[in-house]
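One line per chain: the protein sequences are A and B, in this order.
The first sequence: position 64 = 64 (my numbering), numbered continuously.
With positions in the second sequence counted from 1, the corresponding number in my numbering is that position plus 273.
Incorrect hints may have been included.
[As the list claims (entries may be wrong)] Chain B is faced by these chain A residues, among others (derived, beta-carbon under 10 Å): (1) Ser70; (2) Ser153; (3) Ser156; (4) Thr186; (5) Thr189; (6) Gln258.
[To be verified] Stretch by stretch, here's where chain A covers chain B in the computed footprint (C-beta under 8 Å, at least three residues): (7) 287-299; (8) 331-337; (9) 414-422; (10) 489-502; (11) 514-524.
Just so you know, the hints here were simulated from the structure itself, not pulled from any lab data.
Glycine residues also receive a C-beta, built at the ideal position from the N, C-alpha and C atoms.
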Amino acid sequence: MKRTTLTLILAGIIFTLIIPISQAGEKQIVVQGSTTVLPIAQAAAEVFMQNNPQADLSIRGGGSGNGIASLIDGTCDIADSSRPMKDKEILLCQEKGVSPVPHIIAMDGIAVIVHPSNLIQGLTTEQIKDIYIGKITNWKELGGEDQKIVVVSRDSSSGTYEIFETIVLQGKKVTPESLSQTSNQTVATIISTTKGAIGYVGLGYISSNVKALQVNEVIPEKAMVINGTYPISRSLFMYTNGAPQGITIDFIKFIWSQEGQKIVEEQGFIPLP
Amino acid sequence: MKGKQHLKEKIIKNIFFLSSLTSIFFLLGISFILFKEGLPLFREIDLKSFLWGKSWYPTYNPPEFGLLPLILGTLWVTLGALIIAVPLGISAAIYISELAPPKIKDYLKLAIEMLTSIPSVIYGFLGIVVLGPWLQNLLNLSIGLCSLTASLLLALMAIPTIASISEEALFSVPKDYKEASYALGATKWETIAQVTVPAAFSGINTAVLLGMGRVIGETMTVLMVAGGAAIIPHSFLQPVRTITATIALEMGETVVGSNHYYALFAIACVLFIISLTLNLSADYFLNKFRRISR
Numbered sequence: 001m002k003r004t005t006l007t008l009i010l011a012g013i014i015f016t017l018i019i020p021i022s023q024a025g026e027k028q029i030v031v032q033g034s035t036t037v038l039p040i041a042q043a044a045a046e047v048f049m050q051n052n053p054q055a056d057l058s059i060r061g062g063g064s065g066n067g068i069a070s071l072i073d074g075t076c077d078i079a080d081s082s083r084p085m086k087d088k089e090i091l092l093c094q095e096k097g098v099s100p101v102p103h104i105i106a107m108d109g110i111a112v113i114v115h116p117s118n119l120i121q122g123l124t125t126e127q128i129k130d131i132y133i134g135k136i137t138n139w140k141e142l143g144g145e146d147q148k149i150v151v152v153s154r155d156s157s158s159g160t161y162e163i164f165e166t167i168v169l170q171g172k173k174v175t176p177e178s179l180s181q182t183s184n185q186t187v188a189t190i191i192s193t194t195k196g197a198i199g200y201v202g203l204g205y206i207s208s209n210v211k212a213l214q215v216n217e218v219i220p221e222k223a224m225v226i227n228g229t230y231p232i233s234r235s236l237f238m239y240t241n242g243a244p245q246g247i248t249i250d251f252i253k254f255i256w257s258q259e260g261q262k263i264v265e266e267q268g269f270i271p272l273p
Numbered sequence: 274m275k276g277k278q279h280l281k282e283k284i285i286k287n288i289f290f291l292s293s294l295t296s297i298f299f300l301l302g303i304s305f306i307l308f309k310e311g312l313p314l315f316r317e318i319d320l321k322s323f324l325w326g327k328s329w330y331p332t333y334n335p336p337e338f339g340l341l342p343l344i345l346g347t348l349w350v351t352l353g354a355l356i357i358a359v360p361l362g363i364s365a366a367i368y369i370s371e372l373a374p375p376k377i378k379d380y381l382k383l384a385i386e387m388l389t390s391i392p393s394v395i396y397g398f399l400g401i402v403v404l405g406p407w408l409q410n411l412l413n414l415s416i417g418l419c420s421l422t423a424s425l426l427l428a429l430m431a432i433p434t435i436a437s438i439s440e441e442a443l444f445s446v447p448k449d450y451k452e453a454s455y456a457l458g459a460t461k462w463e464t465i466a467q468v469t470v471p472a473a474f475s476g477i478n479t480a481v482l483l484g485m486g487r488v489i490g491e492t493m494t495v496l497m498v499a500g501g502a503a504i505i506p507h508s509f510l511q512p513v514r515t516i517t518a519t520i521a522l523e524m525g526e527t528v529v530g531s532n533h534y535y536a537l538f539a540i541a542c543v544l545f546i547i548s549l550t551l552n553l554s555a556d557y558f559l560n561k562f563r564r565i566s567r
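Make the full structure from the sequences, and use the hints.
This is the structure we're talking about:
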C-alpha cells in the first residue's frame, strides 16, 4: 500500500511540474492593471495584433494597484494605471530593483453628474467638497428642491476616486453615508434613477440619462480638459520596467500614433494634445 | 489473476484516499494564507480598535481600519434575510411534508430547487433594476439600494436551503410519533405544531444555520444592492455595507503588501471564522438529528 501511494504522489507532482515548463518558450506581452484603461488597451491590442500577426498580447484588468504589483513582481510587461504610482509602490520598486517608467497614453476628465430633473446647473469645487464630506445634506441649501442629497462615490482604492479625492476633497474624509459602488457604469445607472443623487464618472460615461454639472463654471467636455480649464482631470498611464523594448515599445508607440489616439477617443477618453 | 485484481483495487483505493486528502489540503492551505496575510495588520493596529473601530477609512492618512460597521452590516442584512426566510422556508417545508397532495408536492419541490439555480449576480441585477427602484417609489425612500432590498433578495436565496433541509427533517420524523398523537385525539394541526415540528427541531436548526451560512457569504448581490455605505446600521431602510462587499469592492485596486491589503485579509479571516463556526454548529445539530431519528 505504501509503495503504491508514493508512486501516485510522485506521478502527481511530476505532472503538475510539466505543465508550466511546457508553457515557457512563447513570448507573450502581458498588459495588466486599471479597469479604466482596460477598454483602451483591449481595443488597441486587437488592432495592433491584426497589423502585426507575430505579436501576442494578453490584456487583463484587476485594478491599478494590481497591475503595478504585477510589474514589480515581473509577471507583466506593461502596467495600466489610472493614477500615478504611490510612494509605497516606488519604495517597493527600489527594493526589488525595478525602475518604473511612466508613459502617458491618454487624458480623462471626471464629470460630476446628477439626475436630469435636478434644477442645479453647476457647482464650485468647494460646494462639491461640502456635499461629499457631509456638510451640505439637502439640495435646497444650494438653491435646488427640498430633497435629501444621496451621495454616490467609488471604493476608496479606485483610481477615479483617488483623483476626485486629491482635486476636489483635498484629503478630507468622504462622509461614511456615501454609497460606494464598483464602477463608473454602476454610478451612472444609480444617478439616472435616483432623483436626489450626485456622483462622479469618467467623461465617457456621460449620457442623456444623466446631467453633467458645470464645475467652477466650466463645462465638462473634451476641449476644456485639453486646454486645462476643466478642474477635475487626470492622465492615464502605462508603466514599464525600464525603457521598453521590442513589441512593448511598438505597442505603446501605436497607442501614441494617430490611429491609436483615435481608438482612445472612440472609447470615450481624451487624446493627448 | 488474483494479484492483478488486488493491485487494481489498491490503486483505486489510493486514488480515492488522495482525493479526500486534497479537500483537507485546500482547507488548511486557504486558512494558512488568510491568516498569513491578515496577521501583519496587527503590527500597525491592535485587535481591539480593529474589532470595535467605528470607521473604515483604509486609504485616508492616517488610515482607520474599524471593522464594526462592516460586521454589523453583514449581521444586519443576514438578520433581515432570516426574519423573512425562516418563517417562509419552514412553512413551505411543513406544507410540502405534511399537507400537500403528492402531485403538488413534486411541483413545489421542483420550483424550490430551481430557485437555487439562479446565479446570485442575476439577483443583484434584478435588485438594481427592478426591486430597488420599486421600493424607492413605494416607500418614498431617497434611494432604493438599502439593507431591506438586500435582505429580500438574500431571503430568496436562503429559502430553498432552509425549505429542503427542513422538509427532509420533518419527513424523517418516525410515523409512530404522529400515529400516537392522533390516537390521543389530537387534530392534524396540533400534531404538526406540538409533535412533528419539535421532533424535527435539530434538523430544522441545521437548515437555518446552513441558510445563514449561505447568506453571510453572499457577495455579488449585496455588493450591487445593499448600498455600500460603511455606517453602523440603525434602520432597514438605509444603505449598509457588508464584509463580503468590502473585500470585492476594494481588493482590485489595493497596493499589494500595504496595510489596506492586510486589513482586507484580516476581515476575510473574521468572515472565515464566522462561516466555519456556523457550519460546525450546523454539523453538530445534524449529528444530533441523525441520532434521534435512528
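* List of violated hint numbers, smallest to largest -> Number 6 - this is the single hint that the structure violates.
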